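Undergrad: If you want the building blocks of each chain, they are given just below.
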Amino acid sequence: MISRRDFLQTSMAASAILGASSLGNWAKLAAQQALTQDQLLQFDTFGNVSLIHITDIHGQLKPIYFREPSINIGVGGNKGAVPHVTGADFRKLYGIDDGSPSHYALSAGDFSALAQSYGKVGGLDRVATVINAIRADRPDAILLDGGDTWHGSYTCYKTAGQDMVNVMNALKPDAMTFHWEFTLGSARVQEIVEGLPFAALGQNIFDAEWDEPVEIFPPYKFFERGGVKIAVIGQAFPYMPIANPGWMFPEYSFGIRDENMQAMVDEVRGQGAELVVVLSHNGFDVDKKMASRVTGIDVILSGHTHDALPEPALVGETIIVASGSNGKFVSRVDLDVRDGRMMGFRHKLIPIFSDVIEPDKEVAALIDAERAPFKADLEEVIGKTDSLLYRRGNFNGTWDDLICDALISEREADIAMSPGVRWGPSLIPGQDITREDLFNVTSMTYGKAYRSEMTGEFIKVILEDVADNIFNPDPYYQQGGDMVRIGGMGYRIDINQPQGSRISDMTLLKTGEAIDPAKSYVVAGWASVNENTEGPEIWDVVENHIRKLGTVSVTPNNSVQVIGA
Amino acid sequence: MTLTRRNVMIMGAGAFVAFGLPMRATAAAEDRIAEFTGGAAMADSGITLTAPEIAENGNTVPIEVAAPGAVEILVLATGNPTPGVATFKFGPLAASQTASTRIRLAGTQDVVAIAKMSDGSFAKASSNVKVTIGGCGG
Chain A
1 MISRRDFLQT SMAASAILGA SSLGNWAKLA AQQALTQDQL LQFDTFGNVS
51 LIHITDIHGQ LKPIYFREPS INIGVGGNKG AVPHVTGADF RKLYGIDDGS
101 PSHYALSAGD FSALAQSYGK VGGLDRVATV INAIRADRPD AILLDGGDTW
151 HGSYTCYKTA GQDMVNVMNA LKPDAMTFHW EFTLGSARVQ EIVEGLPFAA
201 LGQNIFDAEW DEPVEIFPPY KFFERGGVKI AVIGQAFPYM PIANPGWMFP
251 EYSFGIRDEN MQAMVDEVRG QGAELVVVLS HNGFDVDKKM ASRVTGIDVI
301 LSGHTHDALP EPALVGETII VASGSNGKFV SRVDLDVRDG RMMGFRHKLI
351 PIFSDVIEPD KEVAALIDAE RAPFKADLEE VIGKTDSLLY RRGNFNGTWD
401 DLICDALISE READIAMSPG VRWGPSLIPG QDITREDLFN VTSMTYGKAY
451 RSEMTGEFIK VILEDVADNI FNPDPYYQQG GDMVRIGGMG YRIDINQPQG
501 SRISDMTLLK TGEAIDPAKS YVVAGWASVN ENTEGPEIWD VVENHIRKLG
551 TVSVTPNNSV QVIGA
Chain B
1 MTLTRRNVMI MGAGAFVAFG LPMRATAAAE DRIAEFTGGA AMADSGITLT
51 APEIAENGNT VPIEVAAPGA VEILVLATGN PTPGVATFKF GPLAASQTAS
101 TRIRLAGTQD VVAIAKMSDG SFAKASSNVK VTIGGCGG
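Going down the list, the sequences are from chains A and B. Here the first sequence is numbered in the working numbering, starting from 1 and rising by one per residue. Here the second sequence is numbered in the working numbering, starting from 1 and rising by one per residue.
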């Protein structure tokens, strides 16, 4: 007898074949200058239900460049497992040809050169075209937004998220969950959510005082599509008040709460759900663990850790779909639901090549209208870059190297700290740096650049604490960002040690001396989660620095030695 | 006291220092367990302890214990200088043997709950709760 897991594994194999062949074809077609929208969208409609997933847009309305990480280390049971496979290893794993469009879209390596050939990615007007095409195949497809939508750009900051709300509403999502949205402050979040024409879901959003569910964020919503009763359960980012300033939304408590997730799955199954979908902002490794502990979930649409995977991961009988970030990808998942069970799927991670996919005219006009009042500020050129500027990577990226240099120079500090966030598009060598570009990598509601004295011992405590949030072998103790970026100081990290023993050889780069635990150092940083942090806005600090430089050149940063990867 | 910006920064920094390394169970916690169980073996099922993996605020961490058939449940924060948190006693007419409260944790540590059952046996559940500086979310 063929078990349900066998069916799903057959689907996995089919997905891999479909993926590989279409990926392979793209390479040849691109070589013939013939990569087309039809090929990117090609999909043989399958089963009776279609899901469309987009997540972690971070305010990016327009096409951008976005380099995927070259270092993304997995620990514990996730060592060497996707998404912790990068560059050439990633391409080998999925059978992606070097230099192909998939190489450019999905992996690091030769990024600047490939960016010249393949152009920018994303743009919500192109995303709209893809969504419309899927809806042409399957008019009742469910569109789900995984959150981190109302954050991350100049216009989003200036309008407190309204630009994104207006444009996303035009795409007509069916439900959404949350993370950075809450950094707009709880009053603003409530104001927006009360006016949303779709469901704002979060089974793990609780009232902080009473530890009870919150009415405006219901745990789930039912949809009837293709004769199938579907429950979509929301899972907001579990560690919001820890990773972000909790004082901005003190009324709310989060957490993973997988016992409540199980209760919600059981409740919707009890009400006749034939398909259970979790719209998650847990991060990929947390979703894998949740899928192994909570039974009865068919599909997890995974966000937060910004991973783009050409195939779903299969954990037990649950498939986990990771759809990238910054508007660079849309996932389409077609499902065959029969006799109250998911019996198979077909999946495609659609890369949004901005020069290949035609913008939707209505949405393009809407985006331009949102940006029009800010046009002059957005386009103002601050400087130019000779180097590839990117953020992603576990330990550093050139954008944060530049930001740390700015903090040290403008704030007269010994050491600089930049938060290990994963949002922020890239710039390729030769590009102008505009104010919009600067906001794309720094925009937030708590961006004050502090200047403070810290002892060597205390700096080590911070590094150990952040390192454990990334490299704790249990995903439920991870928060999903990267290591805090350090300027002016080098260190060695052994990722497999326990907290307190990972960091050693801390060295002040300007003198080459070892950091003295008892001595105080001047540290400049930004994005403190503490209330009443004072200082200039980080984007002003970086703008002043870039204006002085004129043209930016970032030298390779080898100041972090990694052991045990 | 007038708060200068520098003081605020240092206070912010000071608030971090308490959360250093994971805290080991104190001898006081071991003693309290021995006293409660009289050294008897403890089953690892029959009691559920619900606690967050990472505390949102170490000063007020919500926890819940449930042990059907228990007459008493002891809750310990094993790394706190004073590990005793609460002992819940359930009379024969109690509708359920469940209790929830909020506890203060001095740092990352194991929270332990031990139930004494009506037949005199014991069951134990443990949960590691991390208290962290935070920041730097993706």
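Errors might be hidden in some of the hints.
[As the list claims (entries may be wrong)] One-sided excerpt, in silico: chain B residues whose CB lies under 8 Å from chain A:
| hint | residue |
| --- | --- |
| 1 | G46 |
| 2 | L49 |
| 3 | E53 |
| 4 | G58 |
| 5 | N59 |
| 6 | P62 |
| 7 | T132 |
[Stated by the list, open to error] Over the 12 Å line for every Cβ pair with chain B, so calculated as not near, a few chain A residues:
| hint | residue |
| --- | --- |
| 8 | F206 |
| 9 | N260 |
| 10 | V466 |
[Said to hold, decoys possible] Pair by pair, the computed Cβ-Cβ distance ranges are:
| hint | chain 1 | residue 1 | chain 2 | residue 2 | range |
| --- | --- | --- | --- | --- | --- |
| 11 | B | T101 | A | P498 | 24 to 34 Å |
| 12 | A | P536 | B | T60 | 51 to 61 Å |
| 13 | B | P92 | A | D6 | 18 to 28 Å |
| 14 | B | S45 | A | E194 | 53 to 63 Å |
| 15 | B | R102 | A | G80 | 35 to 45 Å |
| 16 | A | V562 | B | P92 | 57 to 67 Å |
| 17 | A | E534 | B | T101 | 47 to 57 Å |
| 18 | A | E412 | B | S45 | 53 to 63 Å |
| 19 | A | E513 | B | K89 | 38 to 48 Å |
Treat the hints as calculated values from the structure; they're not laboratory data. Computed from a predicted model, the values in this text were never measured in an experiment. No residue lacks a Cβ here, since even glycine has one placed at the ideal position from N, Cα and C.
Undergrad: Against this structure, judge whether each hint is valid.
TA: Hint check:
With a cut of 8 Å, the hint placing G46 of chain B at the interface with chain A is violated, because the nearest CB-to-CB distance is about 16 Å. Of the supplied interface hints, the one on L49 of chain B is violated, with its beta-carbon coming no nearer than about 11 Å to a beta-carbon of chain A, more than 8 Å. For the restraint placing E53 of chain B at the interface with chain A, the shortest Cβ-Cβ distance is roughly 4 Å, inside the 8 Å limit, so the hint holds. Using the Cβ-Cβ criterion of 8 Å, the hint placing G58 of chain B at the interface with chain A is not satisfied: the shortest such distance is roughly 10 Å.
About 12 Å separates the beta-carbon of N59 of chain B from the nearest beta-carbon of chain A, more than 8 Å, and the hint is not met. Against a cut-off of 8 Å between C-beta atoms, the interface hint on P62 of chain B holds, since the closest Cβ of chain A lies about 5 Å away. The beta carbon of T132 of chain B is positioned within 8 Å of a beta carbon in chain A (closest approach about 6 Å), and the interface hint is therefore held. A beta-carbon of chain B comes within 12 Å of the beta-carbon of F206 of chain A; the shortest separation is about 9 Å.
Consistency note on N260 of chain A: stated as away from chain B, yet its beta-carbon is not over 12 Å from all of that chain's, at 9 Å minimum. Here V466 of chain A does not stay apart from chain B, with its beta-carbon only about 6 Å from theirs, under the 12 Å limit. Between T101 of chain B and P498 of chain A, the C-beta spacing of about 29 Å keeps the proposed range 24 to 34 Å intact. Range check, P536 of chain A to T60 of chain B: about 34 Å between beta-carbon atoms, so the 51 to 61 Å window is missed.
The hint said 18 to 28 Å for the Cβ distance between P92 of chain B and D6 of chain A, and at roughly 52 Å that hint is violated. Between S45 of chain B and E194 of chain A the beta carbons are some 44 Å apart, a value that contradicts the proposed interval 53 to 63 Å. At roughly 40 Å, the beta-carbon separation of R102 of chain B and G80 of chain A lies within the given 35 to 45 Å, and the hint holds. For the hinted restraint 57 to 67 Å between V562 of chain A and P92 of chain B, the CB-CB distance of approximately 60 Å keeps it satisfied.
In this structure the supplied range 47 to 57 Å is violated for E534 of chain A paired with T101 of chain B, their Cβ-Cβ distance being about 37 Å. Checked against the hint of 53 to 63 Å, the pair E412 of chain A and S45 of chain B passes, with Cβ atoms roughly 60 Å apart. Checked against the given bound of 38 to 48 Å, the beta carbons of E513 of chain A and K89 of chain B, roughly 60 Å apart, lie outside it.
Checked against the numbered hints listed earlier, the structure breaks hints 1, 2, 4, 5, 8, 9, 10, 12, 13, 14, 17 and 19; every other hint is satisfied.
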